Amino acid sequence: MKNLFTKISLLLGMILLTGLSLWSQDGGSQATIADEEKAQIRFNGLGRTIINRTEIGGEILASDSSTVGQVTDGEFLLDLKVNATPNKSSEVQAILRLRNEFGGFFGAGQSIEVRELWARGIIADFVKYRVGDMDLAMSPYTLFSPDEEGFVNKPGVFQPLKQVIDYEQFYTDENTRRLQGGKIDFGLNFGSVLEDMEVSSFIARIRGTDFTTIPNRLITGGQLDLSTVTFDDSLGIKADVGFNLIHTFDDLQSGNAVTGIRNTVYTVDYDLTVLDKDNMSLNLAGESGRSEVKRAERITDNEGTEENVTIEGTEEDDTFMDVGLTFKLKKQKLTISASYIDIGPDFFSMGAQSKRIEFENNEFRNNKTYYDRIGTNRLERQVSLFDLSRDRELYTFRTADRLMAYDPRYSNTLPYGDATPNRKGLKFGVHYGEEMDKINAWVDGAFLTEIRGQGTTELKDFTLIKAAADFNIHQFLDWKNMIKATFGVQYESTTRGGGEFEVVDLNSTLIDLGLEVEIFSKFDLLLGAKLFNSEGRDYVPILTGFNDVQDFPAPLVFDDEETMLGLGIKYEFKKDIYMTLQYNHFESVLGTDNPDNYDFQQFFVLYNMEF
Amino acid sequence: MNNIKILYVFYLFLILGISGCSHDTEPEMPNLVDRFGPFTGLSALTASQPTVDFAAGETVFFNATFNKNVDWILEITGAVSGSVKRIEGFSSELNASNATWDGGTTEFPLFRAEETVNVVLTVPEEGEFMETTTVETLSSKQYEGLLLTDFEQELGSNEVVGNFEFEFNPMTTGRQTDIPAQGNFYYNLAGMDDVVPNFFVGLMDLKAELAGGGGTLDFPTTVPEELYFNYFIYSDRVPHGLAIIEFFIDGNGTGTYERDQDTQTFRIAEDIDLNTFEGWQLMSYPMSDTGISQEQLENVVALRLLLISNMNTQPSPPLEVAYGLDYMIFTEGSALQL
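Sequence lines, in order, name chains A and B. Using this note's numbering, read the first sequence as starting at -11 and increasing by one per residue. Using this note's numbering, read the second sequence as starting at 328 and increasing by one per residue.
Chain A with its partners taken away, still in its complex shape (with noise of 0.2 Å):
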């Protein structure tokens, strides 16, 4: 394998000496570097206050007379964000925090802090830099935060709190991860054969060390991303093709640490255009690579003096293949995708399979900031779609270094992305439609299945379908102000057959549903839904280091039913400016006539103001 990559970086290369031209690519940051020579400074940030009542009810505090009803909490924020320009070249950032809590006075509750911080240049008009704070995603299976769970089609009813819980962890619609570190990248263009070129690498620290042990832990990597030429311009045929590595390590020189780990996935992810023609177009695309993850050990001679080198104990390495085709309709605006997955099921990559959803932490137990511990045993609650919804300690931009626990009732298929190893099958996909459109739908599916057993022979089968529509109402009737129905479901059936023991059999539907209506201008009625049902058993393993199942508990037996209803109003006074008053009612119904069922009575009100 190493003497391909060899043969493939000494083509490059040879490319790169036929290049022609040169130009510099954006380094993905939000702000525009001036244009002139004139320092400029720019201030701008995003103002929230938000106030919260939660009140709890329901069959649990019957007997349960510790929990206290009712709680309220918010906050008032100011992210204030300067930026300046000194010159042409060089462009710093920094966001400076104020926040204060519902009820906080007199230094309590109160606090200032440098949210972000960065530069960013460009070196020669050639070479962009940047060094600070950035989010960055590479592909998929190497450095990417697959989405959330227990969501399909947000209704707007909801969105607020959820868009509250992005900003805070750094989320974004490019599935970017927030890393700490630097950064360099550009491009070249050519004149035959290839297009252009654009190459790109970073590095950034992703843990602290302690001192004791606990290591630096550091992740770097880089994209080479080549296009070609248009070979054919009567069927349009080109090539894209890309070449991704990214390496997470620990730095075992920091701290008295002795044992680290080393995790990298090479990979190369093409995207072929076979068709391309006014009305339609066909791509074959996919990614193909390996991982390979090490236990690097610090060793020490007789002596006690420390030898500056690492030997590699325990290793593992998968590979993976997704391969794909993707049919456009253009002037239809319908597309179609399959592909087929085979993710191997030691495939590890730290920087891809990180779940934004923290169901355990560290002390296997979840971070929830009410409501933890209810009813008389004082058990910890289960996380809920409610939770979900509003709480964002559940949510983190952390890189993992092993699978983190996930809640089979929400995602079971692919709970860790595209990434999710140890599964393969079919995925497909269709498209319909454009956001504005009257209509804008889509379809995603997996028929997939598990690779190796876990405590059997027998294999885990999946099926998900998920399904979204949004209708743009007030464009059927031709009506000034918007009317938007918002729909979107979500089944997963996860079976497996063998013995009494063996058998896994868990269905989970997700139904989504939102109105919202522009009474006046810019006055919005706000309606939604969320109503979930989760049934059956299943058997989540407790994993150990390098991802090994180090046992099974009991099997997971749910009964569970989960309503969530919101009701609201919305006024928008500028773009990005608005203020919102709602009131949620959640049910969670853990079986007929269970004493733990409760349910959540929520008011909130919350002002966003983006300037």
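To be clear, the hints were calculated from the coordinates, so they are not data collected in a lab. Just so we're clear, the structure is a prediction, and the values are computed from it rather than from any experiment. Just so it is clear, CB atoms sit at the ideal spot from N, CA and C, and this is done for glycine as well. You may find that some hints are simply not true.
Said to hold, decoys possible - Computed beta-carbon distance windows for the label pairs:
#1 GLU353/B <-> ARG386/A: 30 to 36 Å
#2 GLY485/A <-> GLU353/B: 42 to 48 Å
#3 ASP547/A <-> PRO365/B: 20 to 26 Å
What the hints assert, rightly or not - Covered stretches of chain A (chain B as the covering partner; in silico rule of three or more C-beta atoms under 8 Å from a C-beta of chain B):
#4 329 to 336
#5 534 to 544
Stated by the list, open to error - No more than 20 Å apart at the CA atoms, straight line, and that leaves these computed lysine to aspartate or glutamate pairs for EDC-like:
#6 LYS395/B <-> GLU446/A
#7 LYS356/A <-> GLU63/A
#8 LYS395/B <-> GLU488/A
#9 LYS412/A <-> GLU381/A
#10 LYS282/A <-> ASP351/B
#11 LYS412/A <-> GLU553/B
#12 LYS150/A <-> GLU550/A
#13 LYS226/A <-> GLU162/A
#14 LYS395/B <-> GLU63/A
#15 LYS356/A <-> GLU575/A
#16 LYS319/A <-> ASP264/A
#17 LYS412/A <-> GLU355/B
#18 LYS150/A <-> GLU162/A
#19 LYS454/A <-> GLU488/A
#20 LYS454/A <-> GLU136/A
#21 LYS412/A <-> ASP351/B
Please arrange chain B on chain A, whose structure you already have, making use of the hints.
Using the frame of chain A, we list chain B on its own:
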């Protein structure tokens, strides 16, 4: 179009080259049936043969099967000796690979010849489950090595006891039959340092001739690191007692042991504290621990057994101290494996 063909080949090469798609498909453990399934014994416990002649190199193995992997314990108990051999495992089947008995022992004493042994199979997780069978031993296990003595025969002139060993208890010192670790006899040293309070209770020397050879011990190897000295020692955890074993080499060149003439001795640095264990113990150490050389090993003519009473800790009047010895054997390459 040549460019396109090259491109296609390039892609194919990349796709096939990078992704092998062969994975390790061995199921991840623990097995769910083992973890959660009910337990059932599928076949009774049986022995591969009703009698076994260990001295002839025979072994006996046991068979049983369960419906799932479990932790099991096979306990073999001598009806006469009371000796116990315990074999443990985690599997769904007992067979020659995991349940073979070569006559060895887990708990003293050693098994005897011509005794009935009772074999009991239990599964700790399944408290009520028990399977039994019996086997007859025709002979006991023979251990490789140079046996100095197992005290089954009278020591005669090969036992040298000095004139000043009057602090020994004459009733309990010497060959005894009450609790042998092997066979029918062991040697006991017992006494009280109450005449001359000098820590010393008594000593006795065992001449090399006990091993059946000449005046020097004919070890299986004379490499000190490779030669292990093994013996069974008994203590009832009575405090204040120390045991010491020394090796004499032929100092005067006569090729045999002469008391007060052969005086150079070797021993391990640590005395054996008789208050640190109870019952019979197997003690083993390489002869290199005594500091003896290869040349000196070729001239070992006797062993000395000493009984010490630690008067620094003894009450007044002092308590009796004692220890027993059995089956003193030298092995090559490793310590004695019971």
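The hints, checked one at a time:
1. The given range of 30 to 36 Å is respected by GLU353/B and ARG386/A, whose C-beta atoms sit roughly 31 Å from each other.
2. The given range of 42 to 48 Å is broken by GLY485/A and GLU353/B, whose C-beta atoms sit roughly 19 Å from each other.
3. About 24 Å separates the C-beta atoms of ASP547/A and PRO365/B, a value consistent with the hinted range of 20 to 26 Å.
4. Closer than 8 Å: that is the beta-carbon criterion, and the stretch 329 to 336 of chain A has 4 residues meeting it against chain B, so the requirement of 3 holds.
5. Coverage of the stretch 534 to 544 of chain A by chain B holds [criterion: at least 3 residues with CB-CB distance below 8 Å; count 6].
6. A hinted pair counts as satisfied when its Cα atoms are at most 20 Å apart, and LYS395/B with GLU446/A qualifies at roughly 16 Å.
7. At most 20 Å may separate the alpha-carbon atoms for a hinted pair to count; LYS356/A and GLU63/A meet this at roughly 17 Å.
8. The straight-line distance between the Cα atoms of LYS395/B and GLU488/A is roughly 13 Å, inside the 20 Å bound, and the hint therefore holds.
9. Pair hint LYS412/A plus GLU381/A does not hold up; C-alpha atoms about 33 Å apart against a cutoff of 20 Å.
10. A C-alpha spacing of about 17 Å is found between LYS282/A and ASP351/B, which places the hinted pair at or below 20 Å, so the restraint holds.
11. In summary, the hint linking LYS412/A to GLU553/B is not supported, as the alpha carbons are separated by about 57 Å, beyond the 20 Å threshold.
12. At most 20 Å may separate the alpha-carbon atoms for a hinted pair to count; LYS150/A and GLU550/A meet this at roughly 18 Å.
13. For the proposed pair LYS226/A and GLU162/A, the alpha carbon gap of about 24 Å is over 20 Å, so the pair is violated.
14. For the proposed pair LYS395/B and GLU63/A, the alpha carbon gap of about 57 Å is over 20 Å, so the pair is violated.
15. Between LYS356/A and GLU575/A the CA atoms are separated by roughly 17 Å; this keeps the pair inside 20 Å, and the hint holds.
16. Restraint check for LYS319/A and ASP264/A: the C-alpha separation of about 13 Å stays at or below 20 Å, so the hint holds.
17. A threshold of 20 Å between alpha carbons decides the hint, and for LYS412/A with GLU355/B the separation of about 17 Å falls inside it, so the pair holds.
18. Between LYS150/A and GLU162/A the CA atoms are separated by roughly 16 Å; this keeps the pair inside 20 Å, and the hint holds.
19. Taken as a hint, the LYS454/A and GLU488/A pair is broken in the structure, with Cα atoms around 30 Å apart against an allowance of 20 Å.
20. Using a Cα cut-off of 20 Å, the hinted pair LYS454/A and GLU136/A holds, with the two alpha carbons roughly 14 Å apart.
21. Note on LYS412/A and ASP351/B: the hinted pairing holds, with a Cα-Cα distance of about 14 Å set against a maximum of 20 Å.
Checked against the numbered hints listed earlier, the structure breaks hints 2, 9, 11, 13, 14, 19; every other hint is satisfied.
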